[in-house]
Structure formats: structure tokens, C-alpha cells
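Visitor: Listed here are the chains, written in short residue letters.
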Amino acid sequence: MRPLPSSVHEMFYEGVCAAHGLSDLSGKERLAAIEKIPSLHLFLNVPPSIPSLPMLDGDLVTTAPTFASAEEWSGSGEAEFPGLEWCKEIFIGDCQMDVCILSKLCKTCLDVLTIYRATSTN
Amino acid sequence: MQDLSRRTDHLQGNIYQLALGHRISGIGAEFAASLKRNISGSHTALVDKLLADYGISSAKDDQAAYFAILELGNDICFYLPEETFARNWPGPTYVYHLNEANPWDGPFKGHCTHILDVALLFKNFDAHLDASARAVGEKLGDSIIDFVSGHAPWQATTKVKPVAWVLGGDAKTGSLVEDKPEKVGRRWTIFEYKDTMGWDTLHEAFIAFLGGR
Numbered sequence: 001m002r003p004l005p006s007s008v009h010e011m012f013y014e015g016v017c018a019a020h021g022l023s024d025l026s027g028k029e030r031l032a033a034i035e036k037i038p039s040l041h042l043f044l045n046v047p048p049s050i051p052s053l054p055m056l057d058g059d060l061v062t063t064a065p066t067f068a069s070a071e072e073w074s075g076s077g078e079a080e081f082p083g084l085e086w087c088k089e090i091f092i093g094d095c096q097m098d099v100c101i102l103s104k105l106c107k108t109c110l111d112v113l114t115i116y117r118a119t120s121t122n
Numbered sequence: 001m002q003d004l005s006r007r008t009d010h011l012q013g014n015i016y017q018l019a020l021g022h023r024i025s026g027i028g029a030e031f032a033a034s035l036k037r038n039i040s041g042s043h044t045a046l047v048d049k050l051l052a053d054y055g056i057s058s059a060k061d062d063q064a065a066y067f068a069i070l071e072l073g074n075d076i077c078f079y080l081p082e083e084t085f086a087r088n089w090p091g092p093t094y095v096y097h098l099n100e101a102n103p104w105d106g107p108f109k110g111h112c113t114h115i116l117d118v119a120l121l122f123k124n125f126d127a128h129l130d131a132s133a134r135a136v137g138e139k140l141g142d143s144i145i146d147f148v149s150g151h152a153p154w155q156a157t158t159k160v161k162p163v164a165w166v167l168g169g170d171a172k173t174g175s176l177v178e179d180k181p182e183k184v185g186r187r188w189t190i191f192e193y194k195d196t197m198g199w200d201t202l203h204e205a206f207i208a209f210l211g212g213r
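Just so you know, the sequences run in chain order A and B. For what it's worth, this note's numbering labels the leading residue of the first sequence as 1, then goes sequentially. For what it's worth, this note's numbering labels the leading residue of the second sequence as 1, then goes sequentially.
Warning: the hint list may mix true and false statements.
Anything over 10 angstroms on all C-beta distances counts as not near chain B; from chain A, calculated [to be verified]:
{"no.": "1", "residue": "19"}
{"no.": "2", "residue": "23"}
{"no.": "3", "residue": "40"}
{"no.": "4", "residue": "57"}
{"no.": "5", "residue": "70"}
{"no.": "6", "residue": "71"}
Which residues of chain B face chain A? A partial, calculated answer using Cβ under 8 angstroms [to be verified]:
{"no.": "7", "residue": "90"}
{"no.": "8", "residue": "108"}
{"no.": "9", "residue": "117"}
Straight-line distance between alpha carbons at most 20 angstroms, and here's what the computed DMTMM-like set of lysine to aspartate or glutamate pairs gives [what the hints assert, rightly or not]:
{"no.": "10", "chain 1": "B", "residue 1": "159", "chain 2": "A", "residue 2": "89"}
{"no.": "11", "chain 1": "B", "residue 1": "194", "chain 2": "A", "residue 2": "72"}
{"no.": "12", "chain 1": "A", "residue 1": "88", "chain 2": "B", "residue 2": "146"}
{"no.": "13", "chain 1": "B", "residue 1": "180", "chain 2": "A", "residue 2": "80"}
Derived by calculation from the structure, the hints in this document are not laboratory data. Just so we're clear, the structure is a prediction, and the values are computed from it rather than from any experiment. Don't be surprised by glycine CBs; every beta carbon is placed ideally from N, CA and C.
Same shape as in the complex, but just chain B (with noise of 0.2 angstroms):
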């Protein structure tokens, strides 16, 4: 699996222009300013260890700092939902971990960007895609057509047995594997401060960073 925890060399300039470019000087300490300003006191060590953990803290520059921090909150705003949705829904839940790289220019060119999904799925971009991205949109959509047709496109994941279909990347079309973060391609880091911390404590206190707070 892409280990996207030192991929800095992906990002290039102009995100800075959309997002917090206007706090990206010394955006590690604001964002450690902010944690602590919005997590109990009685978490102090822990959110050190959390900056420690993805890199935050020890960051060589503002960028390197910034990436890591998109990091910490693609797994609290985005990997972790889509995890508890799996990890708990009452009936049968078929998951996948889409890892294709974006092939067109720009800051996140090489990455599996929101929404890649959708556009694999739905084709209307298959000209610019070469014929390993297509065979993962092909498998995706076969999948999809075959869960809105009442059949089960894989087994279903499990609490005793988490199971999702990984495609994209390395994997190209894909197989079921068991759904650890380290054999899907996404960090395990964040587990850890399930029960420590708590998530939803996280989860508000990123959303706190990004409202400027």
C-alpha cells in the first residue's frame, strides 16, 4: 500500500490558496494552540501525543506541518465515519477502500481524492483514464449494480470479521481482505484515541480549528 504519511512531494502551492492558505504560517502551533484551547486540560498529554503521532509537531516546515494535518482530519472527518458506519450498521454492509490515484493535474494529482469514486462509477471521464482505471470503475459499477439487484457483490463485513473489497493503485480491480486500516491503506493512528480521548472530543475540536476558534 501508498504510504501517504510522507508523500509531502504530492502537494503542491495553490491548496494553500483554497483552504487555510491564510494561516498556513505557523499553522502546526495554531493548530496545537487550538486543540489544547478545546480539549480538557486532563488531555494535555494526550494531545501532544497526537500532534507527536501524525508528525504535526515534529514537521520540518509549514507545509510538511499543513499535510499532516489534512491527514489527522481525513481520518476524523472522513475515514473514521465511514468505519463506525461499517463497524455498526444493524444489517448486512458491504464496504470497499477506493486507493486509485487522481491521474489529472493538480495539488492532489496521485491521490485518491473525494469523490473518485463517482466519477469511476458513473464513466463519463473513462477518454482520460487509462485502461487499469477503467477496469477499477468497472469493477466498482459491477459491484454497485449488483448491490441495488438485491445480490451481495462480496460478504458482507462483520464485528468478528470486518471484511472490505480494496481496489484501486497496487490493487487495481481489487479483493476482500480483512478490514484493518494497516491492509486497506489508511493509518492506524487514530484508533488508538478511541478510548483515551474519545473521537467525538477530536472530531469537535477539528471542526473548532477549521471554524477558527
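In isolation and in its complexed conformation, chain A is listed as follows (with noise of 0.2 angstroms):
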């Protein structure tokens, strides 16, 4: 599951803001008004649809690390995220069926890159 870009993630914020009738609020406006909305009905009133996925945020996460960049990850070169600086040592492993998860994320994800590929090609 790779990073999405924050234009992206605004995207799903306008939902959010959407689903909870924030939408004609000014920016200020919405957060003291998220602010107010008691947790589970906030996380409740999210649709489906709005995934949560990880952000290029440009401070934690700088990077979408691919098959190819990792090769590089030994080198000498600069490392590609904090993390190749500050973690030692992993622990990783797999289940023989991860995939599965695919099965219930799948309408998700065809949400997200519908919206990513419409971001994209602007």
C-alpha cells in the first residue's frame, strides 16, 4: 500500500467534510466544527468510500519506496527515508494469503485510483 500524494488526501477531506454537511464552511469554520463532533459519530459518518491510506506528507513520509529504489537501500548514497537512518534492526514476515484483504479493499482502492488518475492527469 503506497503513499498517495496530498492532493489526493485532500480530496478524501472534501468528502469528509461532505458527508458531515461542512462542505460550505470556511476552512476554520469546519475544524472547530469537527472539533465538536463526538468521535464515533465522526469516524460513523465516514463513507466507505474514503479509504485510509498513508500520505506523502513531506516530513514522515517523504517517499513511495519502489521494487526498483530499494535496491539502493545498502548503497552509500543518501537513504531514500528517515527510516533506513534510525531503525536497526526488523522483524517481517507474511501470511501465505494476505491477498484476501484485497477481496473487501477492493472498491476502495478502485475509488482512490479513480480519483487519483482524475488528480493526475489535471
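Bring the two chains, given one by one in their own frames, into a single complex with the hints.
Guide: Below is the structure:
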């Protein structure tokens, strides 16, 4: 699951605001309104088409690694992302049928990628 | 090791409603067309070979094609990212492959489903697991506790000598084995495409297919 640029997450945010009837408010008013909505209400009112995905925020997540770029992780150049510097050891594994999660995510993926395609061609 | 590649009997109808259900009719041909749209024309012969290698072009019906596409999705979206981290992380890296069967009724009963490792680790469902599955969970838990305590749970993997702890299923609480797909219950097929088509190209094309392109 690769991180997506902030332009895509902006669309998710607009969707969350629309789901709570906040679209017509200013940015400041929106934040104030969101703070007053109970967490459970906030959570339940977000439609399943709006996914929870990592974002390229330029701070914690600065890049989306690829299979090709991973080959350079042990090289002498600048680290591709901060964790390569501070994370000394990892414990990692998989489940034989991890893909089963795609059976539930697929509709979400479809929506995300439709949005992504729309923004990336603008 | 369990050979997953022909275990279509484990799939039941309701998975399709959750996933590509609206596209199950003719999904093999649709997938083939999607890959050819999204992968350079210079790789057409490779795409055909990939579709044959995964049994997608030869699938006897839509359900078999769907399952074969899922297997390719597993390899490019889950197994290879894990493999890539394991192979390339600069520091000590401890690798496991879990092959325990999900005991609960549903479309993936009998398969080692996503986050089954987490369910075993946190023991919340131990009352529903048999002794063998609980033992697998205890081994995984002990290993993670070792790791977070600063102790090596087993020998770290290296590029020269890749090793992984394989546990669950026939392996029970497991053993350290050479981390090669055929020795850890994974498919070798995808590795053939690393230097020809390229995994990033294939990954992008698979995501495009999920997105309906």
C-alpha cells in the first residue's frame, strides 16, 4: 500500500467534510465544527469509499519506495527515507494468503484510483 | 508445503460479491486486456507468458481465473514487498513466513489469511483455536518478545544466506529454512519477471486493474 500525494488526500478530506455537512464552511469553521463532533459519530459518518491510506506528507513520509529503489537501500548514497537511518533492525513476515484483504478493499481501491487518475491527469 | 495454486475448492461464492464480483464474468480476458493496456507493447509476449504461468489464460472458468488473478495479486502486492524489505534492509532482519490455516468459516477458511499472524500473536481468539494453532501463536509471540527485548529470535537473514522461520500448517511451530519461495510455501513464478518486465511495471499494472483501467 503505497502512500498517496496530498492532492489526493485533499479530496478525501473534502469527502469527509461533505459527509458531515461542512462543505460550505471556511477552513477555520470546519476545524472548529469537527472538534465538536463526537469521535464515534465522525467515524461512522465517513462513507466506506473514503479510505485510510498513508500520505506523502513531506515530513514523516517523504517518498514512495519502489522495488527498484529498494535495491539501493544498502548503498552509500543518501537514505531514501529517514527509517533507513534510525531503524537498526526489523522483524518482518507475511501470511501465505495475504491477498484476501484485497477482496474487501477492492471497491475502495477502485474509488481511490479513480480519484487519483482524475487528479494526476489535471 | 501446501500447494495453493490449484486449491480453487477453498473459494466459495461470497468472496466475489465483496471484491471484483461485478467483474467476475470474463475476468480472465478483462485482466489480460488490462495488463496489455497498461504494460508497454514491447512486453506483450511476456504478459502472455505471465498469464500462462499463473494459469490465468488457461483457467477452466471465471472462478478459477479469479483465483489465479488473486494469486498473482498476492505475489506482487504482498509477498514481493515483504521479500524486498527482507532482502534489502541494511540492518539485521528477522524473517518469518506463516502458513497456518484460518479455521473460521468463510471464503478463505483453510488459507493463511491477512493478519492471522496478529490474531495468533495477541491470543484474543485462543479459545477458538486448537492446541497446534495456539502453539504456533506462542512461538510467534515468544519470537517477537525476544526481538523487542533486543535478543535475536533466530539467525538474521543476509543476501548471501537468506533464511526465514517458517511456521504454521505442516511446519507447526516451525524451523529456520533457506528463504527461497519453494522452501517457505510461496510461488517462484514472479521472480522470473524481475529483470524482464520489472516488478514496478507489473505492480503498477495490477493496481491499474484494481482501479478499473
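Visitor: Now tell me if each hint is right for this structure.
Guide: Structure-based check of each hint:
1. For residue 19(A), the requirement that its beta carbon stay farther than 10 angstroms from each beta carbon of chain B is met, with the minimum near 22 angstroms.
2. Non-interface call for residue 23(A) relative to chain B: holds, since the shortest CB-CB distance, roughly 26 angstroms, exceeds 10 angstroms.
3. Annotated as non-interface, residue 40(A) keeps its C-beta farther than 10 angstroms from every C-beta of chain B; the closest such distance is 22 angstroms.
4. Every Cβ of chain B is farther than 10 angstroms from the Cβ of residue 57(A); the closest lies at roughly 21 angstroms, confirming the non-interface assignment.
5. Not every C-beta of chain B lies more than 10 angstroms from that of residue 70(A), the closest at about 4 angstroms, which undercuts listing it as non-interface.
6. Not every CB of chain B lies more than 10 angstroms from the CB of residue 71(A), the least distance being 6 angstroms, so the non-interface label is violated.
7. A cut of 8 angstroms between beta carbons decides the hint on residue 90(B): the least distance to chain A is about 5 angstroms, and the hint holds.
8. Because the smallest distance between the Cβ of residue 108(B) and any Cβ of chain A comes to about 5 angstroms, under 8 angstroms, the interface hint for this residue holds.
9. With its C-beta approaching chain A no nearer than about 6 angstroms, residue 117(B) sits inside the 8 angstroms limit, and its interface hint holds.
10. Proximity of residue 159(B) to residue 89(A) is assessed by CA-CA distance (about 15 angstroms); at most 20 angstroms being required, the pair is judged to hold.
11. Under the criterion of a C-alpha separation no larger than 20 angstroms, the hint pairing residue 194(B) with residue 72(A) is consistent with the structure, at around 15 angstroms.
12. Annotation: proposed proximity of residue 88(A) to residue 146(B) holds, straight-line Cα distance about 15 angstroms (limit 20 angstroms).
13. Simply put, residue 180(B) and residue 80(A) have alpha-carbon atoms about 27 angstroms apart, too far for the 20 angstroms limit, and the pair is violated.
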